[in-house]
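Sequences listed follow chains A and B, in order. Residue 138 in our numbering sits at position 138 of the first sequence; the count goes up by one each step and never skips. Residue 1 in our numbering sits at position 1 of the second sequence; the count goes up by one each step and never skips.
What the hints contain is simulated information worked out from the structure, not anything from laboratory work. Beta carbons are placed, not taken as given, at the ideal position from N, Cα and C, and that holds for glycine. Don't take every hint at face value.
[Stated by the list, open to error] Derived DMTMM-like pairs: lysine to aspartate or glutamate, alpha-carbon spacing no greater than 25 Å straight-line:
#	chain 1	residue 1	chain 2	residue 2
1	A	Lys161	A	Glu35
2	B	Lys27	B	Glu55
3	A	Lys47	B	Asp114
4	B	Lys79	A	Asp32
5	A	Lys47	B	Asp61
[Claimed, not checked] Residues from chain B shown here face chain A by an in silico Cβ test under 7 Å; the list is partial:
#	residue
6	Thr54
7	Leu59
8	Phe64
9	Phe69
10	Gly73
11	Leu83
12	Asp114
13	Tyr115
Okay, here's what each chain looks like letter by letter:
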Amino acid sequence: MHRHLQLTEQGKLKHFLSIEGLDKGLLTEILDTAESFAGISEHQVKKVPLLRGKTIVNLFFENSTRTRTTFELAATRLSADVLNINIATSATSKGESLLDTIRNLEAMHVDMFVVRHALSGAAHFIAQHTAPHISVINAGDGQHAHPTQAMLDMFTIRQHKKQFEGLKVAIVGDILHSRVARSQILALNTLGVAEVRVIAPKTLLPAHVRSMGVIPLHDMDEGLSDVDVIIMLRLQKERMNSAFLPSESEFFKCYGLTEAKLLRAKPNAIVMHPGPINRGVEIASSVADGPQSVILEQVSNGIAVRMAVMTMTLGHHGGAA
Amino acid sequence: MPTSTLNIAELLDTLEADIRQQIESRKLSNPLLIGIHSGGAWIAEHMHKRLGITEPLGLLDITFYRDDFSQIGMHPNVKSSQLPHHLEGRDIILIDDVFYTGRTIRAALNEIFDYGRPNQVLLAVLIERNGRQIPLQPDCRGARIDLPEGQRIKLTGPDPLGIDLQTLACAA
Chain A
1 MHRHLQLTEQ GKLKHFLSIE GLDKGLLTEI LDTAESFAGI SEHQVKKVPL
51 LRGKTIVNLF FENSTRTRTT FELAATRLSA DVLNINIATS ATSKGESLLD
101 TIRNLEAMHV DMFVVRHALS GAAHFIAQHT APHISVINAG DGQHAHPTQA
151 MLDMFTIRQH KKQFEGLKVA IVGDILHSRV ARSQILALNT LGVAEVRVIA
201 PKTLLPAHVR SMGVIPLHDM DEGLSDVDVI IMLRLQKERM NSAFLPSESE
251 FFKCYGLTEA KLLRAKPNAI VMHPGPINRG VEIASSVADG PQSVILEQVS
301 NGIAVRMAVM TMTLGHHGGA A
Chain B
1 MPTSTLNIAE LLDTLEADIR QQIESRKLSN PLLIGIHSGG AWIAEHMHKR
51 LGITEPLGLL DITFYRDDFS QIGMHPNVKS SQLPHHLEGR DIILIDDVFY
101 TGRTIRAALN EIFDYGRPNQ VLLAVLIERN GRQIPLQPDC RGARIDLPEG
151 QRIKLTGPDP LGIDLQTLAC AA
């Protein structure tokens, strides 16, 4: 279903809603295209004219300064015009339906919606109901997907490890509520890593987690043993009140990444985190700021990856490239 | 000139002589050579050696500046441009393999000007063919040819350099 909606008849990317249904070739094409954009930030003029004349709307129904900013910077560096819709003061809060809001924006001749929404499937719903010339990028929907975050993580892994084959990757923390983890698992398996482990207390793992193609573990020493990549997830503090966890300090003791636990991984293992980080909850400051951390590189790479996805989705109108 | 008589070595000799003459008449000072990926870069490498230019060769990939992006979409195998950070006030010799519509050169000039405002830009191409669509033309050339509609000329290389004449049906 996603594949049908996300791709044109020629197999080009039309919307980017989920990693689901995209093959290795297309994911690699996103990474290769992002590679081409990586150097633009170092130019005197940090812009290329690829999307000049296009209008991109950031529709953020859920707050996220970092993600919105990187989408905005990506669009600006492609010379597009960017409109940030403040949903808190927008018409939807005055009772207008989501589709009416979309219809009104369409009437303003926009070319792309970047959608962030607390409900799973929101970006998918918008993609189904927009005009044919408009592309939709999912910037995070509920507990479902955050595909551009997953791809910037894949980009960062490839930068450091060169290839995915043979890699062992551990994802640690709140897998149950994490759209980032869901997208990462799909991307890692599609790109052909050897093993994806998820490490979490039972209360923070989905019921049928094995069906996602991962090995579930509950012990950090065992889980981190010999891994090449460690991805720490943000512990959403609101979960603390809903009986998922005893306390933050208890979580840090068992699942927080410290220098001692990091020694279980390969010596050249990299440490990742989608941010924002809770220091002393899921990761120790000495590790977050340490030599194996690539957390800030992930932020920089987010711009190149989002530029790639924007150009690939908006560049689908013609024939073969 | 008929295409059957095109000879790479002779074209390079003619182009070199033409560039030398232009450097002198336009009084280009310490020019920077920039080749457009991929064929232009191959020709630029030859000219860089022949003209004895010490400054490193600049390379330009115009993919991000093309005016047909909405028709052809994004191509993932973009080589990054390698240019000095400041082109302000420089004399530049821009080199491509085949001059056809002029759109590649327009894109290249746009990218160059994003790095700074050069003093002069000299355009040198190995082959100029008919089919110009915008008011730009080369200053130096190895040869000028006329091709019938539906045919195109493509440089193969880099080693050895060759000239391939294609009909539109098999043109990639």
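- Query: Are B/Lys27 and B/Glu55 close enough, with their CA atoms no more than 25 Å apart?
  - Reply: Given pair B/Lys27, B/Glu55 holds - Cα atoms ~17 Å apart, limit 25 Å.
- Are the Cα atoms of A/Lys47 and B/Asp61 separated by 25 Å or less? 14 Å, holds
- Query: Given the hinted pair B/Lys79 and A/Asp32, is their alpha-carbon gap at most 25 Å?
  - Reply: 11 Å, holds
- With chain A as the partner, please determine if B/Asp114 meets the hint condition of a C-beta pair closer than 7 Å. 4 Å, holds
- Item | Given hint B/Asp114 paired with A/Lys47 - CA-CA distance at most 25 Å | With a Cα-Cα distance of about 8 Å, the restraint between A/Lys47 and B/Asp114 holds, given a limit of 25 Å.
- Query: Under the criterion of a CB-CB separation shorter than 7 Å, is B/Thr54 in contact with chain A as hinted?
  - Reply: 24 Å, violated
- Regarding the hint that B/Gly73 lies at the interface with chain A, is the smallest CB-CB distance below 7 Å? Nearest chain A Cβ about 4 Å off; hint holds.
- Message: Does the closest beta carbon of chain A sit nearer than 7 Å to the beta carbon of B/Leu83?
- Response: 9 Å, violated
- Query: Between A/Lys161 and A/Glu35, does the CA-CA distance stay at or below 25 Å?
  - Reply: 15 Å, holds
- Have a go at the B/Leu59 hint: is there a Cβ in chain A nearer than 7 Å to its own Cβ? 12 Å, violated
- Restraint outcome when B/Tyr115 is required to lie within 7 Å of chain A by C-beta distance: Because about 6 Å separates B/Tyr115 from the closest Cβ in chain A, which is inside the 7 Å limit, the hint holds.
- Message: Given B/Phe69 as an interface hint, is its Cβ closer than 7 Å to any Cβ of chain A?
- Response: 5 Å, holds
In summary, the numbered hints that this structure violates are 6, 7 and 11.
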